[in-house]
Amino acid sequence: MARHELAVIGAGPAGLAAAIAAADAGLRVALIDGAADAGGQFYRQTARQLHARRPERLYHGWSEWESLRDRLAAHRESERITFLAERHVWHVEPADGDGFVVHAQVGPEQQRSESVAAGGLVLAVGGYERVLPFPGWTLPGVLTAGGAQAMLKAGLVLPGRRVVVAGAGPLLLPVAGGLAAAGAEVAGVFDSSDPRAFGRHVRALAQNPEKLAEGVGYAARLAWHGLRVRFRYSVIAVHGDERVEAVTVAGPDGSRGRRIECDALAVSHGMLPHTEIAQTLGARIGIRGAVAVDTEQRTDVANLWAAGETTGIGGAALSLVEGEIAGRSAAARLRGDMPRDLAASQRTRRRLAAFAEALEDAYSAPAGWADRVTDETVLCRCEEVTAASVREAVSELGATDLRTIKLLTRAGMGWCQGRICGPGVAGVAGCPLTPANTPFARPVPLGVLAEIDDNGGSE
Amino acid sequence: MDLPKECDLVVIGAGMTGAACTWYAARAGLRVAVLDRGAVAGGTTGAGEGNLLVSDKEPGPELDLALLSTRLWRELADGFGGGIEYEAKGGLVVAARPEGFAALEAFADEQRRSGVVAESVGADDLSGLEPHLADGLAGGIHYPQDAQVQPARAAALLIRDATRGHGASLHTNTTVTALTRGADGTVTGVVTDRGTVHASWVLNAAGTWGGEVARLADVHLPVLPRRGFVLVTEPLPRLIRHKVYAADYVADVASSSAALQASAVVEGTAAGPVLIGASRERVGFDRRFSLEVARLLARQAIDLFPALAQVKAMRSYVGFRPYMPDHLPAIGPDPRAPGLLHACGHEGAGIGLAPATGHLIAQILTDETPDLDLTPFRPERFNDTGGEEA
Amino acid sequence: MRRNPLMLVEAQPEPAFQVTFDGATLDALPGQTIAAVLWSAGITAWRRTRVDDRPRGVFCGIGVCFDCLVTVNDMPNQRACLLPAQPGDVITTQRGDGHGAA
Numbered sequence: 001m002a003r004h005e006l007a008v009i010g011a012g013p014a015g016l017a018a019a020i021a022a023a024d025a026g027l028r029v030a031l032i033d034g035a036a037d038a039g040g041q042f043y044r045q046t047a048r049q050l051h052a053r054r055p056e057r058l059y060h061g062w063s064e065w066e067s068l069r070d071r072l073a074a075h076r077e078s079e080r081i082t083f084l085a086e087r088h089v090w091h092v093e094p095a096d097g098d099g100f101v102v103h104a105q106v107g108p109e110q111q112r113s114e115s116v117a118a119g120g121l122v123l124a125v126g127g128y129e130r131v132l133p134f135p136g137w138t139l140p141g142v143l144t145a146g147g148a149q150a151m152l153k154a155g156l157v158l159p160g161r162r163v164v165v166a167g168a169g170p171l172l173l174p175v176a177g178g179l180a181a182a183g184a185e186v187a188g189v190f191d192s193s194d195p196r197a198f199g200r201h202v203r204a205l206a207q208n209p210e211k212l213a214e215g216v217g218y219a220a221r222l223a224w225h226g227l228r229v230r231f232r233y234s235v236i237a238v239h240g241d242e243r244v245e246a247v248t249v250a251g252p253d254g255s256r257g258r259r260i261e262c263d264a265l266a267v268s269h270g271m272l273p274h275t276e277i278a279q280t281l282g283a284r285i286g287i288r289g290a291v292a293v294d295t296e297q298r299t300d301v302a303n304l305w306a307a308g309e310t311t312g313i314g315g316a317a318l319s320l321v322e323g324e325i326a327g328r329s330a331a332a333r334l335r336g337d338m339p340r341d342l343a344a345s346q347r348t349r350r351r352l353a354a355f356a357e358a359l360e361d362a363y364s365a366p367a368g369w370a371d372r373v374t375d376e377t378v379l380c381r382c383e384e385v386t387a388a389s390v391r392e393a394v395s396e397l398g399a400t401d402l403r404t405i406k407l408l409t410r411a412g413m414g415w416c417q418g419r420i421c422g423p424g425v426a427g428v429a430g431c432p433l434t435p436a437n438t439p440f441a442r443p444v445p446l447g448v449l450a451e452i453d454d455n456g457g458s459e
Numbered sequence: 001m002d003l004p005k006e007c008d009l010v011v012i013g014a015g016m017t018g019a020a021c022t023w024y025a026a027r028a029g030l031r032v033a034v035l036d037r038g039a040v041a042g043g044t045t046g047a048g049e050g051n052l053l054v055s056d057k058e059p060g061p062e063l064d065l066a067l068l069s070t071r072l073w074r075e076l077a078d079g080f081g082g083g084i085e086y087e088a089k090g091g092l093v094v095a096a097r098p099e100g101f102a103a104l105e106a107f108a109d110e111q112r113r114s115g116v117v118a119e120s121v122g123a124d125d126l127s128g129l130e131p132h133l134a135d136g137l138a139g140g141i142h143y144p145q146d147a148q149v150q151p152a153r154a155a156a157l158l159i160r161d162a163t164r165g166h167g168a169s170l171h172t173n174t175t176v177t178a179l180t181r182g183a184d185g186t187v188t189g190v191v192t193d194r195g196t197v198h199a200s201w202v203l204n205a206a207g208t209w210g211g212e213v214a215r216l217a218d219v220h221l222p223v224l225p226r227r228g229f230v231l232v233t234e235p236l237p238r239l240i241r242h243k244v245y246a247a248d249y250v251a252d253v254a255s256s257s258a259a260l261q262a263s264a265v266v267e268g269t270a271a272g273p274v275l276i277g278a279s280r281e282r283v284g285f286d287r288r289f290s291l292e293v294a295r296l297l298a299r300q301a302i303d304l305f306p307a308l309a310q311v312k313a314m315r316s317y318v319g320f321r322p323y324m325p326d327h328l329p330a331i332g333p334d335p336r337a338p339g340l341l342h343a344c345g346h347e348g349a350g351i352g353l354a355p356a357t358g359h360l361i362a363q364i365l366t367d368e369t370p371d372l373d374l375t376p377f378r379p380e381r382f383n384d385t386g387g388e389e390a
Numbered sequence: 001m002r003r004n005p006l007m008l009v010e011a012q013p014e015p016a017f018q019v020t021f022d023g024a025t026l027d028a029l030p031g032q033t034i035a036a037v038l039w040s041a042g043i044t045a046w047r048r049t050r051v052d053d054r055p056r057g058v059f060c061g062i063g064v065c066f067d068c069l070v071t072v073n074d075m076p077n078q079r080a081c082l083l084p085a086q087p088g089d090v091i092t093t094q095r096g097d098g099h100g101a102a
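Residue numbers (the numbering used here), protein chains in the order written: chain D, 1 to 459; chain A, 1 to 390; chain H, 1 to 102.
Hints were generated in silico from the structure; no laboratory data involved.
Values in this document were obtained by computation on a predicted structure and should not be read as measured data.
Any given hint could turn out to be false.
[To be verified] Some residues of chain A that are not near chain D, with every Cβ distance over 12 Å (derived):
| hint | residue |
| --- | --- |
| 1 | V191 |
| 2 | G272 |
| 3 | V274 |
| 4 | D303 |
| 5 | K312 |
| 6 | T375 |
[What the hints assert, rightly or not] Stretch-level coverage of chain A by chain D, calculated; a stretch enters the list once three of its residues show a Cβ under 8 Å from a Cβ in chain D:
| hint | segment |
| --- | --- |
| 7 | 38 to 47 |
| 8 | 162 to 175 |
| 9 | 283 to 295 |
We put the beta carbon where it would ideally sit given N, CA and C, even for glycine.
Input sequences plus hints: build the corresponding full structure.
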């Protein structure tokens, strides 16, 4: 089994920055990612065989990506960084003595597992979208806003011809703009947040002019397509039998709904951090369900760092600086030194984090959404558990938390292990969103599990 | 719901055992308040497979308890319909080699004398019972009395029925911090973080944490945790019909060793996933996942059912069986603390033994003669030796 | 001509190949996932759920939700949003758990 000084899981902005910073400082790094190319979700690359000559038209911050890409290439050339692509990490365990052993399934087939040992580990595993349930949200054609963007960037495809973009959060703007630029008819962009809420965060917003400019740029792109965001509006129902045919949108008064014909709905209510690997290793989970880290991005587990969305949702710029801090801290600490000259990066981090918190606070899910979830609405998409079952578990059967609701109803027991339904079930049940313990970060064939030893796995 | 000021019986613990004691006592006319520091089924009940087994028990008091429970579970299943997911699927214990099969048959002979139905199955007939079982096994014993329930739902539905129809009350997120005692030392109620309840009797049904409750009454009850992992697969069609396990399992259950033992118990469920238990380790309350245990369970499951190699494990959960030094539960009144009763320490058999335990507790509280001799389950039986502490 | 994503980024994809979906032949571009190929053909659902027999397709688009499970070359429970299409792939609507449950 290969042993590296540092392993970095996730090759998005945070993981790339961490791996590059650590390699710059002389560490030998394994950079592990499930995709064929580095980039993560934010810099998700168009498939090479599609030969996009102007890929930058689908991205924000393309020049930053080019710089990261070139620095990664140089470190791969000098063998400071080993890029392990198409490795789907399913479990990380503490190594005997010190460090970690990372177990990953290989390739799209995922019929074989490989192991990587490392003295230190940076978790840069990112996040995924939160979608709060509403009647009709399981119909084909309803998908996450980020999913629509990922499918567009990677495969150059659209979810439909006429798309409504809705939810709450800063992601809606670039997604709507991207879909429109790529030829979709965007039938409306609806954000349930109240713009007046941004007034409470003038300071954090004003200190981040480049982030504001990014937002203005997205809005200008939308305007170019004749679109603008309707704030305080939300999709309250989706109509259709076998797929989306229309949605109903309600405004601030909440009473009158407007029906909009469409064949796709891209929806998002913000993001959630991936925390299962950190939890399995015993790291503390802090506020907003994110991995808790100190000013050097260290978790409370020795030689375990975390950076990017897994430590709190904040966007690519914040992920980049967190990754850099983690990489430089790891490079120093793993060799028994103190990291130096982190102060400037830590200031940037604080400023961007304050901006992210202000956004998270200002963007808000539609008030009373949980009450509008009808009894027959499916909350757990995998196990097809309805809101009625969840409500019964709480009011009749003595459930007080997500775990007991799961035991009594199966909500959260399916393929996604409650990642998707967690926020909806917690909201409808009126209990806190507590991440489940999932020692398998993704499903693993029993045959692979039985044989990890033979791949140099765990001994 | 507000705590009552007083009642006949306070049950500490809303797991399967507490639920069954609540149900039988409430049905017998007692006013019962069942308390839990967490949710219903939040402890070992929620981490179990719902085994109702006679097959793994040697003749003796535990088997008698299991046989009584087998009958009571069938009654409960009739009364509660499909809600508790009772399934009389039967067990199949297999042996790889002829000498193992011979040992199984000898064990089954003894069990039959105690009333267990055990059918010997030759090598050629195994595939008729379990079409996907590995080739080359020497034979097995079929136990039609083995069954399964969904333990969390069973506990929740028994408590709901007791509260709806029989005057009991449920209080979750309520932690017992002390017991009230009379001048003569009699236990007269419980103090909780939400108030005090006076009661004629207090029942310790705290499972793996029963030793802590006993300490509140200054009595010694050596309940120790024995960790177990269960692997859960993706949903499948009915590939596996019975609870299937290899002969080693019985030896593991009866063992007092602290070291890791695992002999996979493999079974399908009504909902689709296959469950693979049952490791046993004495490592305290350590919840950390163990890849070594998961690997061992996966290997043994594939040894029994080769087709499982392609099937994906989706999750794993951990639980702590309440383990007593002599592998028997504590059931009955505690003479060291009059007014206090215990119903805990059922190890890995708590779901199966719950109805019999609840039934016997209700008989004691209503001054009926218990259906079984409770002497082997006396809570104070470890006092002489000081018990065996981990 | 209506604008499309390939035009936007001035893509020059490698030659298309064929796959089948429930017996019908579809064109696929090299590098596209199974989900992208099906979307290109206007198909948005390729799974029927285990309990209620309802249609499903892409939801999260990044491999987290497992809603887009599909059977490819007789292998059930493949995530269409991650799995690259290969020439000759036989894609079939996945029913229930995908293992041929009754």
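**Request:** Compare the structure with the hints numbered earlier in the document and write down the numbers of the violated ones, lowest to highest.
**Result:** Those not satisfied are hints 2, 3, 4, 5.
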